[in-house]
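J.: The lines below spell out each chain.
2 protein chains.
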Amino acid sequence: MIPETAVILAADLGTKMGGKPVGLVKVAGREILYRTITLLRKNGIKQFLLITNERYAPLYREFIERHDFPAEVLINSEPEKGNGHSLFLAGDHVSGRFILVMGNHVYSEAFVERTVKGEGLIADRRPRWIEIEKATKVKVKDGRVEHLGKELKEWDAVDTGFLILDERIFEAIKDLERERNGDYNLSEVVERVKVPVTFADGLGWADVDTPRDVERIRRMLVKTAVKGTGDGFISRHLNRKISTEISALLVERVTPNVMTAVTFALGIASALLTLVSPPLAGVLYQLSSVLDGVDGEIARAQLRTSRLGGYTDSILDRYVDGSFLALLAYVALNEPVWYLIAILALLGSIMVSYSTERFKAAYGGDAYNHIPVLRKLPGKRDERVFLTMLFLFCPSGASIKALFAILTLLTNLRVVLTLYLVAKKVSQPKTI
Amino acid sequence: MIPETAVILAADLGTKMGGKPVGLVKVAGREILYRTITLLRKNGIKQFLLITNERYAPLYREFIERHDFPAEVLINSEPEKGNGHSLFLAGDHVSGRFILVMGNHVYSEAFVERTVKGEGLIADRRPRWIEIEKATKVKVKDGRVEHLGKELKEWDAVDTGFLILDERIFEAIKDLERERNGDYNLSEVVERVKVPVTFADGLGWADVDTPRDVERIRRMLVKTAVKGTGDGFISRHLNRKISTEISALLVERVTPNVMTAVTFALGIASALLTLVSPPLAGVLYQLSSVLDGVDGEIARAQLRTSRLGGYTDSILDRYVDGSFLALLAYVALNEPVWYLIAILALLGSIMVSYSTERFKAAYGGDAYNHIPVLRKLPGKRDERVFLTMLFLFCPSGASIKALFAILTLLTNLRVVLTLYLVAKKVSQPKTI
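Quick note, the sequences are listed as chains A and B, same order. According to this note's numbering, the stretch in the first sequence is residues 1 to 432, in order. According to this note's numbering, the stretch in the second sequence is residues 1 to 432, in order.
None of these hints come from the bench; they were simulated from the model. For every residue, glycine included, the Cβ atom is placed at its ideal position computed from N, Cα and C. Check before you lean on any hint, since a few could be wrong.
[As the list claims (entries may be wrong)] Taking beta-carbon pairs under 8 angstroms as the criterion, some of the chain A residues facing chain B (in silico):
#1 G120
#2 V337
#3 L340
#4 I343
[To be verified] The list that follows gives simulated cross-link-like pairs (lysine-lysine, DSSO-like), each with its CA atoms no further than 27 angstroms apart:
#5 A:K227 x B:K360
#6 A:K134 x A:K26
#7 B:K42 x A:K401
#8 A:K424 x B:K360
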C-alpha cells in the first residue's frame, strides 16, 4: 500500500542559495517543491505537510495556494536546531504510514514511481548524480540501518532523503527530544530505531545544496527523461546522446511547443533543400531527426508533457517524412516505375508509425511494451532518416533509386511483420 | 442500479420450430440464448436462471456448460400451463431486483444497453422488426400497465418481453397460483400488479415464433449493427444501404475474417486493374469500399467483434488505398510535378485516418465522438473512393490530374483542420 500522506522537511535556512528557500528554486523550469508534490500526487499521495521556518513560511504558503496543492504548512520556530525536531512537530498531524522527504532533494519520475512502494529508508548503492563525499552513507545490517553518517568508513549505500515510515517513529523521537532538548538530526532517529532499508539503485535523484548543483541536476532530469520505447538503433546510439545535451542546454529557456515548431520547420526546410542540394538536405534531415527528441525530453524534464503535444508531434513527423520523400522523388527520379517505388516507400514509411499507433488505439497499450521484439526490427524513423542521409552524401540516380528500393522493402516488410506479431501475440491465452 | 440476476423463461414447447428449443435456434450465427446471456453479461448482469421444461433441460444444460455461462437451470414440469407459473418457480431463487426476459426474444446490443437501466416493463411505441398483429400490446396509465393483451383495441406500445422487476412481484403471483391452480400467463401478473412502464422506442428486438421470423431478425441484427461513427456521406447514403443487404445474405455463411480477406483481395485487384482499365478499376474500387463495411457488420451481428479484426482491417485499407493511388499515378502520369502531387495525395489520404487513430491512441476516445464536426468534414475514405470512381469513368490525363489535385487538397486540408479542432477541443476547460 502506498501511503496517503507525505511530510516534506524544508525548515533549513539553506544559506548557500542566496537566502531563497531551496524548495522554491527552479530546476528545469519547475520549483523543487512543485516537482516533489506533483510526482508524489501522480503516484497516489493525497496530502502534504510542509515543515518550514518562520521566514520562508509566507513564501511557501503563497506558492502552495497558487498551485492549489493539498498541502499544509507547519512552522518550526527553531530551524537552527537539527532537522529531527521538524519531524517531531509533524507527529500530531500524521497517523499510519507516511512518506518523509527532504525539501531540497530533486527526484526523477522513475525514482518516485519505484520508491513509493518501498519501506523504510530508500538507499542507493549506485548513486549517479550526487557528490559522493558530501552524501550521507548507510551501513546496513539484516536489512536495517546500522549506521548513518557522512563520515562512515564502511558503508553499503547512500541515503536518498526519501523514507517510508509509520507513526511508531514518533515514539523514538520523543525520547530524543527530551534527552537533547530538541537539537538532533533525523539521521540519529533513523539510526536509533534501526529503520528498514529498501535499495533503489542508479535512479535519478540528487540534493541541492549550492547553485552549482542545479546545473548537474538539470542534466540528470533530461537524461532520465528519455522515453526510449520506440527508439531505434540510431536513436539509442547517436541521436539521444546529442539531443539530451541540447535539451540540457535549452531546458530552462525553451518550451516543448517551441521546439516542436522549430523541429518541424527544420524538417520542412530539409525537404525543400533537396531541390538545391540533396547532400545538405540529408544532413539537415538527420539534424531535424536528432532535434525531434528534444521537445519530448524537455517536456518530460519540465513535467510539461501533454497528449496534444505528442499528438501534434506525431502528425508533423509524418508530414516531414512525406514531404522529404516526395520532393526527393520529384527532383531525382524520372521513370514512372521508380515513382511507383517511391510512392510505396512513402506508404511504408507512414505505415510503420500507423501500425504501432493503431495498436495503441485498439489495445490501449504501447506496442513496443507488448511486443518487445518490435524494438529490434529495423525500419523505425531514426534509422530511415540516417539511411537517407548516407545515401544522399554522393547523390546519383542509382544511389537514390537504391534508397527508395530499400525503404520500400524495409518499411513494408516491417508492417507485415508487425501485423503478424500482433496477431500472434493476441491469439495467445493471456489477452493484452 | 442494474440488477445482478436475470431470469429467462424458456419452458414453452415452441411447436412451430420443429421440436427444437427456441433458445438454441441460431440467428446470425449465434443461439438466441447465447445472445441474451452475452449481451446481459456485457451490461453487468452476473447470474442467470433459466426456466425450461423437462424435455429441453438436458439440451440447455449442455449448452450452458459448453459456454461456461454462470446460469442455473430450473425445471417447470407443467410447461403446458401458462408461463406465469414459470416465474412463480423462480421465486425461491431470486431476491431483490432482477431482469425477466423471454427466452424466444432476440435483442440488439443497443436495446440491452439501454433497457437494463429501465424499470418495470420495457415497451416500444415504434416497434420496427415485429409483426404487429401477433404482438402483445400495452395500454399505459399514469406510467403503469393498465391493460396487456394481443387483442387490445386501444394501446400505447408493444411489450418487448423484457422486464426489470423486484421480488414483490412474487406476492402477486402467489395469489394467482392459488386462484388458478398454476395456469395463468405472465401478462396477467403484470396487469394485476400494474407494473411500471419504461418506453424504449424503435430499437432492435423481436420474438422468434416460426422459422420465417429468423430471416427478418437476421436483417434486424445486421441493420442495427452498423457502427456509423466515422461514416462519410457516401457511406451513410449509399454504401451502408448495400453492405447491410449483403451482410444479411452472408451473415449465416461467412466469418468476418473471410470477408476482410475477400475485401482486401478485391481492393488490391482493383489497384492492379488500373493498369488495364481505369474505369473498371474505379468501379471495383468502389465495390471493395462497399464490401469494406461487411466484415464489421457481420462481426457485430454475430457478436464476434475483435480488436485484432479492427486493427487488421484498418491497416489493409491503407494498403489498398496506397496501392490504388500508386498504380494509378504510375499508369496515368508522366510529369515529375504530377507525381509529386500524387505522392502528396497519398500522404494526405493515409494521414486522414492516421490523425483520427492517433487521437484514439493519445486520448483513448473516438475522435468523431469528441469532435462531432469531424463527421461532417469531407475527405473520408468512402468519399475519396467514390470520387475516384467518378473521375475514372472517362479517364484522361486531365481528369486524373484533377483527381490527384483534389485529393491532395481535400485530404491534407482535412488533416490540418483536424489538428486545429483537436487543439481547440483539448484546450477547453473540460478535458477529454
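J.: Now tell me if each hint is right for this structure.
T.: Results of checking the hints against the structure:
no.: 1; hint: G120; verdict: violated (37 angstroms)
no.: 2; hint: V337; verdict: holds (7 angstroms)
no.: 3; hint: L340; verdict: holds (4 angstroms)
no.: 4; hint: I343; verdict: holds (4 angstroms)
no.: 5; hint: A:K227 x B:K360; verdict: holds (20 angstroms)
no.: 6; hint: A:K134 x A:K26; verdict: holds (22 angstroms)
no.: 7; hint: B:K42 x A:K401; verdict: violated (54 angstroms)
no.: 8; hint: A:K424 x B:K360; verdict: holds (23 angstroms)
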